[in-house]
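Engineer: For chain A, the structure is supplied; the task is to place chain B on it using the hints.
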Amino acid sequence: MDATARVEVAEAVRPSSRVARRRVSRTAVRRNVVAYLFLLPFFVLFVTFTAIPFVSALWLSLQKGLLAGPKTFVGFRNFAYLPHDTITRTVLLNTVKYVATIVPIAVFSALGLAFLITNRYVRGRDFFRAVVYFPILAAPAAAAQIWSYILAPRFGLLSYALSALGLGDIYFLSNPRLALLSIALIEWWRGIGFHVILFIASMIGIPQELKEAARIDGANAWQVATKVTIPLMRPVILFSVVMGTIWAFQLFDTVFVLTNGGPMNSTATIVWYIYNYAFRYSQLGLAAAMGVVLLCIIAPISYVQMRVLGREIEYA
Amino acid sequence: MRAISRRELLRFVGIGMGAAVLAGCAGAPTAAPAATEAPKVEEKPTEAPAATAAPPSGEVVTLTFWKGPHKAAGDETKLCAGPTLEKFMAQYPSIKVEFQEVPWSGYNEKFSAAFAAGQPPDVSYQTESFPTFVKAGNILPLDELIAESGFDLKVMLERAIEIVTYDGKIYAMPWIEGGSILMWNKELFEKAGLDPETPPDTMEQFVDYALKIRALGDDIYGYAVGPRDWHENGYWGIRWGGQWFNKDYTQCLADSKEFIEGYQFMADLFFKHQVAMPAAITGQEPGAYGYFRDGKVGMTTYQSIVANSLRRDNPNLKLGGAFVPKGPADEPAGRAAYGGVGALAIAKASKHVKEAWTLVQWLVTPDALKSWLGCLGFATARSDVFLFQDDPVLSVGETGRKFHFFWPYTEWVFKFWDIEATYIEAIQLGQMKVDEALKELTAKVNDILKEAQQA
Numbered sequence: 000m001d002a003t004a005r006v007e008v009a010e011a012v013r014p015s016s017r018v019a020r021r022r023v024s025r026t027a028v029r030r031n032v033v034a035y036l037f038l039l040p041f042f043v044l045f046v047t048f049t050a051i052p053f054v055s056a057l058w059l060s061l062q063k064g065l066l067a068g069p070k071t072f073v074g075f076r077n078f079a080y081l082p083h084d085t086i087t088r089t090v091l092l093n094t095v096k097y098v099a100t101i102v103p104i105a106v107f108s109a110l111g112l113a114f115l116i117t118n119r120y121v122r123g124r125d126f127f128r129a130v131v132y133f134p135i136l137a138a139p140a141a142a143a144q145i146w147s148y149i150l151a152p153r154f155g156l157l158s159y160a161l162s163a164l165g166l167g168d169i170y171f172l173s174n175p176r177l178a179l180l181s182i183a184l185i186e187w188w189r190g191i192g193f194h195v196i197l198f199i200a201s202m203i204g205i206p207q208e209l210k211e212a213a214r215i216d217g218a219n220a221w222q223v224a225t226k227v228t229i230p231l232m233r234p235v236i237l238f239s240v241v242m243g244t245i246w247a248f249q250l251f252d253t254v255f256v257l258t259n260g261g262p263m264n265s266t267a268t269i270v271w272y273i274y275n276y277a278f279r280y281s282q283l284g285l286a287a288a289m290g291v292v293l294l295c296i297i298a299p300i301s302y303v304q305m306r307v308l309g310r311e312i313e314y315a
Numbered sequence: 000m001r002a003i004s005r006r007e008l009l010r011f012v013g014i015g016m017g018a019a020v021l022a023g024c025a026g027a028p029t030a031a032p033a034a035t036e037a038p039k040v041e042e043k044p045t046e047a048p049a050a051t052a053a054p055p056s057g058e059v060v061t062l063t064f065w066k067g068p069h070k071a072a073g074d075e076t077k078l079c080a081g082p083t084l085e086k087f088m089a090q091y092p093s094i095k096v097e098f099q100e101v102p103w104s105g106y107n108e109k110f111s112a113a114f115a116a117g118q119p120p121d122v123s124y125q126t127e128s129f130p131t132f133v134k135a136g137n138i139l140p141l142d143e144l145i146a147e148s149g150f151d152l153k154v155m156l157e158r159a160i161e162i163v164t165y166d167g168k169i170y171a172m173p174w175i176e177g178g179s180i181l182m183w184n185k186e187l188f189e190k191a192g193l194d195p196e197t198p199p200d201t202m203e204q205f206v207d208y209a210l211k212i213r214a215l216g217d218d219i220y221g222y223a224v225g226p227r228d229w230h231e232n233g234y235w236g237i238r239w240g241g242q243w244f245n246k247d248y249t250q251c252l253a254d255s256k257e258f259i260e261g262y263q264f265m266a267d268l269f270f271k272h273q274v275a276m277p278a279a280i281t282g283q284e285p286g287a288y289g290y291f292r293d294g295k296v297g298m299t300t301y302q303s304i305v306a307n308s309l310r311r312d313n314p315n316l317k318l319g320g321a322f323v324p325k326g327p328a329d330e331p332a333g334r335a336a337y338g339g340v341g342a343l344a345i346a347k348a349s350k351h352v353k354e355a356w357t358l359v360q361w362l363v364t365p366d367a368l369k370s371w372l373g374c375l376g377f378a379t380a381r382s383d384v385f386l387f388q389d390d391p392v393l394s395v396g397e398t399g400r401k402f403h404f405f406w407p408y409t410e411w412v413f414k415f416w417d418i419e420a421t422y423i424e425a426i427q428l429g430q431m432k433v434d435e436a437l438k439e440l441t442a443k444v445n446d447i448l449k450e451a452q453q454a
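Residue numbers (numbering that gives the first Met the number 0), protein chains in the order written: chain A, 0 to 315; chain B, 0 to 454.
None of these hints come from the bench; they were simulated from the model.
Note that the coordinates shown come from a computational prediction; the quantities given were computed from them, not determined experimentally.
Ideal Cβ placement from N, Cα and C applies to all residues, glycine included.
Please note that a few of the clues may not be correct.
Claimed, not checked - Calculated from the model, a selection of chain B residues having no Cβ within reach of chain A, i.e. all distances over 12 Å:
hint	residue
1	Val60
2	Phe64
3	Lys86
4	Ala115
5	Lys190
6	Gly240
7	Tyr248
8	Lys295
9	Leu318
10	His351
11	Gln388
12	Pro391
13	Ala442
As the list claims (entries may be wrong) - Label-pair ranges, simulated between beta-carbon atoms:
hint	chain 1	residue 1	chain 2	residue 2	range
14	A	Leu57	B	Ala112	16 to 26 Å
15	B	Leu215	A	Ala141	51 to 61 Å
16	B	Asp142	A	Trp246	43 to 53 Å
17	B	Asn313	A	Phe42	31 to 41 Å
To be verified - Covered stretches of chain B, as calculated for chain A (at least 3 residues, CB under 8 Å):
hint	region
18	196-204
19	275-283
20	413-425
Here chain B stands alone, though its shape is the one from the complex:
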């Protein structure tokens, strides 16, 4: 390889320096907007049956379907997706579905690359990164398909429809509605002299129960949560009556009195009452999940689907599930917990839109939901389908939908989560006081909101 001469190197560095100087003179950058508008739900008389889509030539159309894996039940493809899609293909012999699990760690990369290359999956499972693809023009609006097929949107949770609506258009079909619940270890409850069937209902009881469990031993804790778990840590302020944002997402309100009180309560669990497992421990392997699974923690909060993972990883764990204990705010905010929607989208570049829509419609039918989501342990985004009425833990995820608060599905939400996680972690590690952490957090989040507005 030819060596770079000194002159060439200096020229190269000079260009770099020049760029930096010019950059300093440039104007302020702008970021993309987050446009959400109330959905217009068309009133259709009946729930749409899965449409037929037999191509005139009789040939078999192959659809690609990508989804991030949910391992709670084990091998999703083998146990849940495969059998469900077999049923679909039996019902629609002219459509073949090639299902692929895309690891969460490279989810955005893989989709971005596929969209950029013009070869995206026909149908994809979308979560919070969804708005990015909508804004980039990669996702097909479903309004026309919905209207043509007579699909009855009323059967879907209205809030879930709002999540997938941008500029008045529906870009995906809500499918999963996941939410967090309180989980407790019944055995530790019993050992601590508590009724194993009765979880704490208020925050005062929560502290009281946690103290009793903590008294069981030096390595037993009343409560645990991951310090960077932005979902589980994100609701203390809401339970105390505060809100993260104003209605139009132009201002962060996390430095409010309610938020400071809520997060002070959280900090007290670590430092005043010392019932929470130190964040320095849960921040490393095996994490809050591992310690709870291994019977070292009395209570935690997780998405209800995690119950299936816990049961698989430790079949001896006696698990209880309930709504999150109520904070000072009125319900539903007083029991606020993480909630998220997973939706099914069709790529604009799909060559088989009609068949893809047939699949999407079919996947939200009660039978298909039972076959796939019932297998996983996820609640559905339909307001009339309850899959886990016989399961005391999973059913809480379904009946507690009103307590699930969704994060804004915007392009800046990942940046917001990173800021949120950093400051809440600082509180839990004892590196910052609650009020100063929330003040700094608010300022930084307001910066990104300002960028979003300027775009």
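In isolation and in its complexed conformation, chain A is listed as follows:
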């Protein structure tokens, strides 16, 4: 069918009147009513637990008042206050430092682990897969509590091991230069399983013929990995990076349990700050404003990540 013929057919079937259009629309709705019914529970939950709180948070960021009391509209004053607050700059810097550390380390190490676990020469792959995934199952606060004893000076497991090596006590959580790095280490341990499992699933899904073709063409293992496997994993890596970044920006539980922002605010993060403003200082408007700022940081970063990593892959 050429282009002219297609246009003619379209003209013929197009309803010529409002009544006809309405009839088509009703038919379409009737045909899809079951689908809408299936979607309804999701939309109810989405509106109740995501959309309404989101709009409420935006509205709260323009208000001033206590957590459980009357509030007054103050426009953008809460946003204007943030740069003047005592530790806003510190929490932003800490959070960015943390994200810049944890995301690349987590993604690269997860890739490495995924390659190791899927290697055909490795025995007990299921066992390693389970071992890597287990930390995710631990409640964040409980895991943090366990780590507080592992990292404790003098009697902590890690300190004990380091002392045995003649390195002496390292104050992981009370040294301002080490505390954030220690938190990153714990979060890496806790979150690595998610990335590894994703990558393993993605690797298994890559057709073997492509790898074999590369090998026949003379590619070594490194070249197969970097030229075939990783490029084909790009959508999953993108997902991993975006989710890792969002989670990293939301760091809270481990900080709250282990250091409560200390020492000297060196582990104070944006969400910790939001919590403090909302529930300790009872300044809900400022907390909501900081939440909006966090959104404004995460959204463009995620967008850029999607643009950079989400490009179409073409194979010659």
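Structural biologist: Coordinates of chain B only, in the frame set by chain A:
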């Protein structure tokens, strides 16, 4: 889930950026005021007995009562609260009390949510976060109930009444008065050649004793305190004659000569004399408490109730308790230590105000105080009730009330504590010099005081 299109995302980011730009143009924000006024204590001839509150229909009224847990004696609900409230319910069969421990970690959240939902507990235990709820209009003023029932406020500590008074109205009944004391390990004293029954009385003696204990071994220290313990670290300047704030809380005075001297003395314990356990160690598990409990530290300061925790956790610990050694300032400031008031409040939204008031009144009677606070190890907010005369450590918390300095019960106190803890921690970790830390601290605290005034 539908993918967000590029156009939508750009629109969304644009709104965010616009908000940020507009925010930059907006005026300075304001914060809430901290209004305290001298209380008007009504003179009543007698101490009020617990009022009766039998509803005319004969039905049983159920009161909810929330309190943060104090674990010093063990399970508070089972050992202290439960038996006490059983006595109350036996005396008042028409009132049933449902007691609930609310973890401190989520205390404000839970109360805020309950008040916001209009379903708060009828009676609640309130501490420093109390002013927030008063300002939000969640707490019932007690003045009318006090007047109607003839309750004699004179039996309560006057300073405790001041703490719960806002704009001339009393919003809660003081119940607990907790305060810090010096605790020492008698065994380490003996090993160091010191008299185990005689604690240091002055700061010079304190250093001398600490040096002797420190000489006992590389892992034994004369003194320990948590670097972020804003209560225990907050009084060095006062012991040297300084004050945190001026009288109307419009200015922070922590950069004064007295404060610098006091905190320099504290810093010297860490770096000059090296008798204090390094803050890097006490800042992690098991903390100053754990090392003191385990016999690695000679002296520390804690709320007197902690004695019960120590006795439970290490029954072999030979514990001594005394007033804090005297600094250069005259008494009581020279022996200044942390003090705090826990009070009983009635929610404005309570449907059973009369019954709630009956419970509150009853809980501050000597018998009820003995049953509950005596079990916990807390001193009471009554000036005429002493529960621990036979206990050499807990009694110090009661007899040393005049040395207890209360933090201001204001909406900004948590923010102040966070700033205080950060800078004192910096001093103890050796990251900042005393004078520069106090100067920065003062500037930051003055900022929050200014915000409070502007509100």
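Engineer: What are the numbers of the hints that this structure violates, sorted from low to high?
Structural biologist: Violated hints (numbers, rising): 4, 8, 13, 15, 17 and 18; every other hint is consistent with the structure.
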